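**Student:** Sequence:
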Amino acid sequence: MTDEGYILVARRMVVSALLGLLTGATFVDEVWAATEDPMGYSEQTIELEENGQPLLFRYRLLRPATVEPGKQYPLVLFLHGAGERGNDNSSQLQYLPTWLAGAAWRQQFPCFVIAPQCRAEHRWSAFNWSDKKSSPLAAEPTTDLAAAIAALEKVSASEPVDPDRVYLTGLSMGGYGSWELAARMPERFAAVSPICGGGDEAQAKKLASLPIWCFHGGADQVVPVARSRAMIAAIEAAGGKPKYTEFPGVGHDSWTPAYRDSGLLEWLFAQRRPGR
Numbered sequence: 100m101t102d103e104g105y106i107l108v109a110r111r112m113v114v115s116a117l118l119g120l121l122t123g124a125t126f127v128d129e130v131w132a133a134t135e136d137p138m139g140y141s142e143q144t145i146e147l148e149e150n151g152q153p154l155l156f157r158y159r160l161l162r163p164a165t166v167e168p169g170k171q172y173p174l175v176l177f178l179h180g181a182g183e184r185g186n187d188n189s190s191q192l193q194y195l196p197t198w199l200a201g202a203a204w205r206q207q208f209p210c211f212v213i214a215p216q217c218r219a220e221h222r223w224s225a226f227n228w229s230d231k232k233s234s235p236l237a238a239e240p241t242t243d244l245a246a247a248i249a250a251l252e253k254v255s256a257s258e259p260v261d262p263d264r265v266y267l268t269g270l271s272m273g274g275y276g277s278w279e280l281a282a283r284m285p286e287r288f289a290a291v292s293p294i295c296g297g298g299d300e301a302q303a304k305k306l307a308s309l310p311i312w313c314f315h316g317g318a319d320q321v322v323p324v325a326r327s328r329a330m331i332a333a334i335e336a337a338g339g340k341p342k343y344t345e346f347p348g349v350g351h352d353s354w355t356p357a358y359r360d361s362g363l364l365e366w367l368f369a370q371r372r373p374g375r
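The sequence shown begins at 100 in the working numbering and counts up one residue at a time.
I should point out that these hints are in silico values taken from the structure, not numbers from a laboratory. Some hints here could point you the wrong way.
Distance condition first, Cα-Cα at most 16 Å in a straight line; then the derived EDC-like pairs of lysine to aspartate or glutamate [to be verified]:
#1 Lys304 to Asp263
#2 Lys232 to Asp261
#3 Lys340 to Asp352
#4 Lys340 to Glu300
#5 Lys170 to Glu286
#6 Lys231 to Glu300
#7 Lys170 to Asp263
#8 Lys170 to Asp261
#9 Lys232 to Glu300
The calculated label-pair distances, taken between Cβ atoms and stated as ranges, are [claimed, not checked]:
#10 Ala256 to Pro356: 27 to 37 Å
#11 Ser257 to Asn186: 18 to 28 Å
#12 Val166 to Gly350: 36 to 46 Å
These figures come from a predicted structure and were not determined experimentally. Cβ coordinates follow ideal geometry from the N, Cα and C atoms, glycine included.
Turn these sequences into a full structure, and let the hints steer you where they fit.
**Tutor:** Here it is as structure tokens:
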């Protein structure tokens with residue numbers, strides 16, 4: 100399938116969707132000390148169109164250190180924050196992508212990692228992330244989110260990805276993107292972890308059966324913590340059982356304790372698509 104085909108498939112899928120803590124201090128130190136260099140990510144691009152004009156969208160792909168014939172592997176789609184936007188296809192490797200590239204994590208959790216890069220001045224989601232109240236989900240995703248979907252479908256079709264172990268996570272602007280993408284394609288993911296983001300509470304029913312672990316800092320001055328609280332309350336009211344961790348006194352950077360100290364990754368990789 101051509102790149103144009105992948106973006107078409109992704110848009111069709113979007114339209115149809117619309118209708119424990121690590122054990123042992125020594126091991127923890129080894130994990131995080133070993134992940135300073137994100138080597139192993141290959142540079143990838145996908146071609147699509149925006150307003151009738153060609154657009155080259157950039158992303159990075161990490162493959163398992165060893166791919167065994169006949170075996171399928173989990174995939175993590177990571178959506179970065181506003182500070183990592185651009186066109187260098189590198190800035191988005193900060194935080195989780197760098198940590199997952201470390202030798203210890205790659206040995207414990209062999210997986211594919213997709214790290215797309217949102218263009219400067221663009222967004223994964225059309226939401227205003229400083230607003231304390233939610234806004235309705237747009238009829239269609241932003242071009243950058245649609246491109247991330249296209250990258251996900253392209254990698255899933257060309258690599259030995261386990262379709263029942265595809266995970267979505269993102270921070271800040273990427274937290275908003277994670278909530279939105281999960282609402283648009285809830286059947287696509289085994290679990291979702293939005294960090295310091297927010298979404299449209301009216302979509303809660305779609306998310307009720309999806310394993311979710313949300314994080315936010317109680318003292319966040321960039322994205323109001325009320326946004327995560329509202330999403331969790333709405334999903335619970337819809338019959339869901341999401342996990343929610345709020346870090347008292349922590350500001351906007353709730354992703355560091357979430358990814359490093361909460362047991363999130365162990366939980367994430369233990370999930371499979373509901374009903375599969």
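**Student:** If a hint holds in the structure, say so; if it doesn't, say that too.
**Tutor:** Each hint, compared with the structure:
| no. | hint | in the structure |
| --- | --- | --- |
| 1 | Lys304 to Asp263 | violated (21 Å) |
| 2 | Lys232 to Asp261 | violated (37 Å) |
| 3 | Lys340 to Asp352 | violated (25 Å) |
| 4 | Lys340 to Glu300 | holds (15 Å) |
| 5 | Lys170 to Glu286 | violated (22 Å) |
| 6 | Lys231 to Glu300 | holds (12 Å) |
| 7 | Lys170 to Asp263 | holds (13 Å) |
| 8 | Lys170 to Asp261 | holds (9 Å) |
| 9 | Lys232 to Glu300 | holds (10 Å) |
| 10 | Ala256 to Pro356: 27 to 37 Å | holds (35 Å) |
| 11 | Ser257 to Asn186: 18 to 28 Å | holds (24 Å) |
| 12 | Val166 to Gly350: 36 to 46 Å | holds (40 Å) |
Checked against the numbered hints given earlier, the structure breaks hints 1, 2, 3, 5 and satisfies all the rest.
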